[in-house]
Amino acid sequence: MYGEATSPGSEHPGGQMYDLIKELYPVCRSITGNGVRYTLERIAQRIPLTVHEVPSGTPVFDWAVPREWNIEDAYIVTPTGEKIAEFKANNLHVLNYSVPVHKKVMLDELRKHLFSLPAHPDWIPYRTSYYKENWGFCITHNQLESLPDGEYEVFIDSTLEPGHLTYGELFIPGKTDEEVLLSCHVCHPSLCNDNLSGIALTTQLADYLRGRRSRYSYRFLFIPGTIGSITWLALNEARASNIRHGFVVTCVGDGGPFTYKKSRRGTAEIDRAVLHVLRHSRQGFREVDFYPYGYDERQYCSPGFDLAVGSLSRSSHGQYPEYHTSADNLELVKPEYLAESLQTFTDVIDVLENNRTYLNLNPKCEPQLGKRGLYSNVGATAGSKLKEMALLWVLNLSDGQHDLLQIAERSGEPFAEIRDAARALQRCELLKELSPGSGA
Amino acid sequence: MYGEATSPGSEHPGGQMYDLIKELYPVCRSITGNGVRYTLERIAQRIPLTVHEVPSGTPVFDWAVPREWNIEDAYIVTPTGEKIAEFKANNLHVLNYSVPVHKKVMLDELRKHLFSLPAHPDWIPYRTSYYKENWGFCITHNQLESLPDGEYEVFIDSTLEPGHLTYGELFIPGKTDEEVLLSCHVCHPSLCNDNLSGIALTTQLADYLRGRRSRYSYRFLFIPGTIGSITWLALNEARASNIRHGFVVTCVGDGGPFTYKKSRRGTAEIDRAVLHVLRHSRQGFREVDFYPYGYDERQYCSPGFDLAVGSLSRSSHGQYPEYHTSADNLELVKPEYLAESLQTFTDVIDVLENNRTYLNLNPKCEPQLGKRGLYSNVGATAGSKLKEMALLWVLNLSDGQHDLLQIAERSGEPFAEIRDAARALQRCELLKELSPGSGA
Amino acid sequence: MYGEATSPGSEHPGGQMYDLIKELYPVCRSITGNGVRYTLERIAQRIPLTVHEVPSGTPVFDWAVPREWNIEDAYIVTPTGEKIAEFKANNLHVLNYSVPVHKKVMLDELRKHLFSLPAHPDWIPYRTSYYKENWGFCITHNQLESLPDGEYEVFIDSTLEPGHLTYGELFIPGKTDEEVLLSCHVCHPSLCNDNLSGIALTTQLADYLRGRRSRYSYRFLFIPGTIGSITWLALNEARASNIRHGFVVTCVGDGGPFTYKKSRRGTAEIDRAVLHVLRHSRQGFREVDFYPYGYDERQYCSPGFDLAVGSLSRSSHGQYPEYHTSADNLELVKPEYLAESLQTFTDVIDVLENNRTYLNLNPKCEPQLGKRGLYSNVGATAGSKLKEMALLWVLNLSDGQHDLLQIAERSGEPFAEIRDAARALQRCELLKELSPGSGA
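Protein chains in written order, with the working numbering: chain A, 1 to 440; chain B, 1 to 440; chain C, 1 to 440.
None of these hints come from the bench; they were simulated from the model.
Don't take every hint at face value.
Listing some non-contacts, in silico: residues in chain A with all C-beta distances to chain C over 10 Å [claimed, not checked]:
1. LEU40
2. PRO48
3. MET106
4. HIS280
5. PRO363
6. LYS364
7. GLU366
8. LEU374
9. LEU395
The calculated lysine-lysine pairs, modelled on DSS-like cross-linking and capped at a C-alpha distance of 27 Å, are [unchecked claim]:
10. B/LYS175 <-> B/LYS371
11. C/LYS371 <-> B/LYS112
12. C/LYS112 <-> A/LYS371
13. B/LYS22 <-> A/LYS112
14. A/LYS88 <-> A/LYS112
15. C/LYS88 <-> C/LYS104
16. B/LYS334 <-> B/LYS364
17. C/LYS132 <-> A/LYS364
18. B/LYS175 <-> A/LYS132
19. A/LYS387 <-> C/LYS132
20. C/LYS364 <-> B/LYS132
21. C/LYS334 <-> A/LYS371
22. C/LYS334 <-> A/LYS387
23. C/LYS371 <-> B/LYS132
24. B/LYS132 <-> C/LYS387
25. B/LYS103 <-> B/LYS88
26. A/LYS132 <-> B/LYS103
27. A/LYS132 <-> B/LYS112
28. A/LYS112 <-> B/LYS371
29. A/LYS334 <-> A/LYS364
30. A/LYS334 <-> A/LYS387
31. C/LYS88 <-> C/LYS334
32. B/LYS112 <-> C/LYS22
33. B/LYS88 <-> B/LYS22
For every residue, glycine included, the Cβ atom is placed at its ideal position computed from N, Cα and C.
Generate coordinates for the entire structure from the input sequences, incorporating the hints supplied.
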């Protein structure tokens, strides 16, 4: 059974995740197209991913699956014949979803199609235009400022044609049909923290969990942002009700403190589990109320679904300067941050897996713990004392109205201590697990 | 329909209100009598007020309408023949509701009938003795201290006889029978902030609202404090249940920060609406829990009625040094403060008028706002971004369980943004208004 | 009827309590045995205590009444012939419940049976071994450090044999069967604050209450810690449901600020009553959430009982350096602290006794207090104003949904003011007491 928070995956999960990021970094991904396909193929070498292809035009709630976008090359030739904004040098140079173009334009006209970041003049911004046909280039502000007047050649060798939306899915069945969802977006091109870090962590976690017997079933989605979650929900509407807990996994590779954006419900078990783990992490963290912006939690938490899905990240959506720029690169993310993030996710999963409601079978006064070897005698050490408190808390609150997470919250003890105490008491037949639905 | 928070009334509502205060300032009002009658006549020149006369002795719950008090003149003649405490110089000099007296008394005896303010030796206090027969004079403490021994002539030419209690009422019917009550007390003599400011603001607001079509009906009461609200409630007991929201309007002309004293219920819609407006005013304000003292909210919030009536003022009851003294004069109140207060009242009324519950007709995932022209594309500006958040919040929370005010509260967006977003979404048929009672 | 918080008991209750502590201080108590018997005999000279003897081996829930322990003498003879750790000098020298021993041991062996306090090298610790057979001595750390190598004679003249567990009980019937429980542990030997102070205060309070007619019945328990409350609950299981409010009385003689450890329920009437009294005491105090450790509240608040029992102490369990050492002596506790503690208990009991729910018989608008002599007229003084507020609060909130304690809490007025206001209003027939169960 899934259990203690041992270091998941290989001996060096941080290094493994970082290697995957490094490999996928150069690929130009978008919400559709071969970049996503290649990315999913690579992930499928690590975990038994099912790849789905949904035809363009497929209606998905209020939306339709868009045409597929692919790109071979792109650049600008300056009046002096210099080739700049080369797609092959950095795929951020192209406005994502640019329609094909090959023509000559004067600088004034070109400027309407150029995007830069005055505040960070050396960085290339990341911009998209999925639902309004347009073409454009993203360049450093320094370069933009130095462009001479004159005629420019702009060239984008892209296609925007009926095709497919591609996404990956892995379902690991557990003892029950109730699911934990882990969803990451795979649509961003050469950006490491957002969201190659999420892709790598989700892959590592899936690899870890498929080797274990779990209480919950686990569903992993590797999908393009927004349209991907809308597509999955539209095509799997009936399955959504099985999702008991969920995470959107993003921005988990940088060195910032953890940020937890709560589900729309705000006090769902996933919210309480994550916050419990973060509170006991002895590190600062940010707790953010749900707001209908950000990543795919917007869709999972739309009022027609209202799933218990939160978002656990480090520096989050729009909150770090490198966000959506060329500075979100291989130097921003680090193996040790990825490993720490993975540990936090597995700690939360440990809470979800082991959170049960027990009934104290000796509810009238305390049972005599000493005769069962559960109680220290003269001269308790600090360590054994703590355990004693966990035993006493579990006994006191196991009235059928409190699950172990609630006991951990009220007692201030870490969940693992409470879980171990409950197991010890159950072995002594002082505690009985309540079947779900019979208690709190 | 009543709507946006445009500046109500004339071009210079602050000046209009101030002019009314200036005109009514010299009048000696009390809980009955010709001062109130004259005041209501003047107001009736601005708005179609109905003036009610309730005979003395009429039983009103545990009380009876008192005898009517009128006064022509009053003064004291000192041993040296000097005339002091002249009613005609300042009507605060007479203990309000003094019985008639004309006699000679020694200083020791006179002192029992003199009231002054040692802490503000230049100010005349305002005192009353409605329910215990007495006579008296209010003078500055400096004057009190300088009175020589000897025999004084006291003269109060008043009458206290069966007559009437007079109050004014204006009912503006709206689309529904549910009422918003605005109640101000008209019993105070030459005191500007308390409560000529409330009288002037209530008049201005009534004049503004009678020119509009509103959702709610509006009831304006110009009544003597305590006995007036008791009388109205006793004579209109059945109508009280129509009052859905209400304000006691007082002390709205000085420069202090706003004070909101909540209704007894504490979390009524009126309480939430006022606090929402004040929180978004970018100014400091005071939020005060209900307590059974103050003005007529005491009666409206008595347990047998428990109406959702709060009190919105600036410096409040007893909280400013000039309170109930001759220093509450034409210099304490200013047109700009009155105008700002009026704006705050109309902002709150805008919330009440427009607070509805809507149902998101596309609750599963977000609708595609872009194809409806509701979404900015590349390069959103700060302004349009805000609106986007309002749209997303309204969609996310319009599950039938949240009204617009709750959405504004949870989102942190100003009500007007949320209201505009809801209207835009309704025009796109993404939102449907729930009829009252079918939702939250 | 029980009522105002007059100084309970004799003229010098602090001195009386201190005298009882001084008399009982030398006695060696334990969870069973003659020390407890002697202690209860002495208490029975003050109040009509019933002494119960429960045979060893009696099953009490998960436990059994232990064998009875008695001791006559104990000491150690050093290699140089010096007699140390003499029981007759200080009964803390013997590990409480030591089995008999008389033999010679080398220092190395002896050290395994010696307990000291390195942090307080001049103090003797208090240690017990009730449920694991052992023998031992408690000595100062200085003495431990100075012991020379060599052979020691150890002598403990104790018996551990089938006998009885002894406890004392006093039940004072009131107007109703509902009980207030006051429980103190009597098992500690020469330790003053923990818990001769609790014994003395409980005795004094019983003596005071038995001379009065009370609304509640009062049950006083003088029991050994843990096994005593388990025994009482096991033998009186059906009666436990009569306990409406309860206190564990301990550590009430030192000069520390009050500490209130709430019942497991957290918001029971006893919790609210104690915290109300402490908040109005104008002294700092500590409010502690329930935790399943400490004294007999652990048993009363076990989930099978979940009684509304809190613990009101000064310095509390384990929170002062002298705790469970020879420094918890006659100098640590003082008559004035005991008297102040007693006053706090009686203030809380006054709240419990007088907390009723009333119905305002004139709920529509305020009644006219003036005509009933309840209202000050011109020139209220601060004192009479306060009373006015209490009258208005009681009228406003006596809607059948608020008891007097809730009115005191919401108004911020001391309970005694609210109680007096309710009595005055009841005398005027403005208020009617609701029979329990008909209101809040």
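Do the hints match the structure? See the list:
Here A/LEU40 stays apart from chain C, with its beta-carbon at least about 51 Å from theirs, past the 10 Å limit. At the 10 Å boundary, the C-beta of A/PRO48 stays outside the reach of chain C, the nearest C-beta of that chain being 46 Å off. The Cβ of A/MET106 lies farther than 10 Å from every Cβ of chain C, with a closest approach of about 73 Å, so its non-interface assignment holds. No Cβ of chain C approaches the Cβ of A/HIS280 within 10 Å, the least distance being about 18 Å, so the stated non-interface status holds.
Once the 10 Å rule is applied to beta carbons, A/PRO363 is inconsistent with being away from chain C; the minimum gap is 3 Å. Residue-level check failed: A/LYS364 sits 4 Å from the nearest beta carbon of chain C, not beyond 10 Å. Interface exclusion of A/GLU366 from chain C breaks down, the closest Cβ pair being 6 Å apart, not more than 10 Å. For A/LEU374, the requirement that its beta carbon stay farther than 10 Å from each beta carbon of chain C is met, with the minimum near 12 Å.
Listed as a non-interface residue, A/LEU395 fails to keep its Cβ farther than 10 Å from every Cβ of chain C; the least gap is roughly 7 Å. At roughly 35 Å between alpha-carbon atoms, B/LYS175 and B/LYS371 are farther apart than 27 Å, so this suggested pair is violated. With a C-alpha separation of about 22 Å, the suggested pairing of C/LYS371 with B/LYS112 holds against the 27 Å cut-off. With a C-alpha separation of about 22 Å, the suggested pairing of C/LYS112 with A/LYS371 holds against the 27 Å cut-off.
The straight-line distance between the Cα atoms of B/LYS22 and A/LYS112 is roughly 61 Å, outside the 27 Å bound, and the hint therefore fails. Only pairs whose Cα atoms come within 27 Å are accepted, and A/LYS88 paired with A/LYS112 is accepted, the gap being roughly 22 Å. Restraint check for C/LYS88 and C/LYS104: satisfied, since their Cα atoms lie roughly 21 Å apart, inside the 27 Å limit. For the hint linking B/LYS334 to B/LYS364, the alpha-carbon distance of about 53 Å lies beyond 27 Å, and the restraint is violated.
About 23 Å separates the Cα atoms of C/LYS132 and A/LYS364, which keeps this hinted pair within 27 Å; it holds. At most 27 Å may separate the alpha-carbon atoms for a hinted pair to count; B/LYS175 and A/LYS132 exceed this at roughly 44 Å. Only pairs whose Cα atoms come within 27 Å are accepted, and A/LYS387 paired with C/LYS132 is accepted, the gap being roughly 20 Å. Between C/LYS364 and B/LYS132 the alpha-carbon distance is near 23 Å, which keeps this suggested pair within the 27 Å criterion.
At most 27 Å may separate the alpha-carbon atoms for a hinted pair to count; C/LYS334 and A/LYS371 exceed this at roughly 40 Å. For the given pair, C/LYS334 sits about 37 Å from A/LYS387 by alpha-carbon distance, which is inconsistent with the 27 Å threshold. This hinted pair checks out: C/LYS371 and B/LYS132 have alpha carbons roughly 9 Å apart, not beyond 27 Å. Taking the CA atoms of B/LYS132 and C/LYS387, the gap is about 20 Å. The hint holds against a cut of 27 Å.
Distance hint between B/LYS103 and B/LYS88 is fulfilled; the C-alpha atoms sit about 19 Å from each other, no more than 27 Å. The straight-line distance between the Cα atoms of A/LYS132 and B/LYS103 is roughly 93 Å, outside the 27 Å bound, and the hint therefore fails. The straight-line distance between the Cα atoms of A/LYS132 and B/LYS112 is roughly 86 Å, outside the 27 Å bound, and the hint therefore fails. For a cut-off of 27 Å, the pair hint linking A/LYS112 to B/LYS371 stands: about 22 Å separates their Cα positions.
The suggested pairing of A/LYS334 with A/LYS364 is violated, with an alpha-carbon distance near 53 Å, which exceeds 27 Å. Between the alpha carbons of A/LYS334 and A/LYS387 the distance comes to roughly 36 Å, so the proposed pair goes past 27 Å and is violated. For a cut-off of 27 Å, the pair hint linking C/LYS88 to C/LYS334 stands: about 25 Å separates their Cα positions. With a CA separation close to 61 Å, the supplied pair B/LYS112 and C/LYS22 exceeds the 27 Å bound.
Among the hinted pairs, B/LYS88 with B/LYS22 is consistent with the structure: their alpha-carbon atoms are about 17 Å apart, no more than 27 Å.
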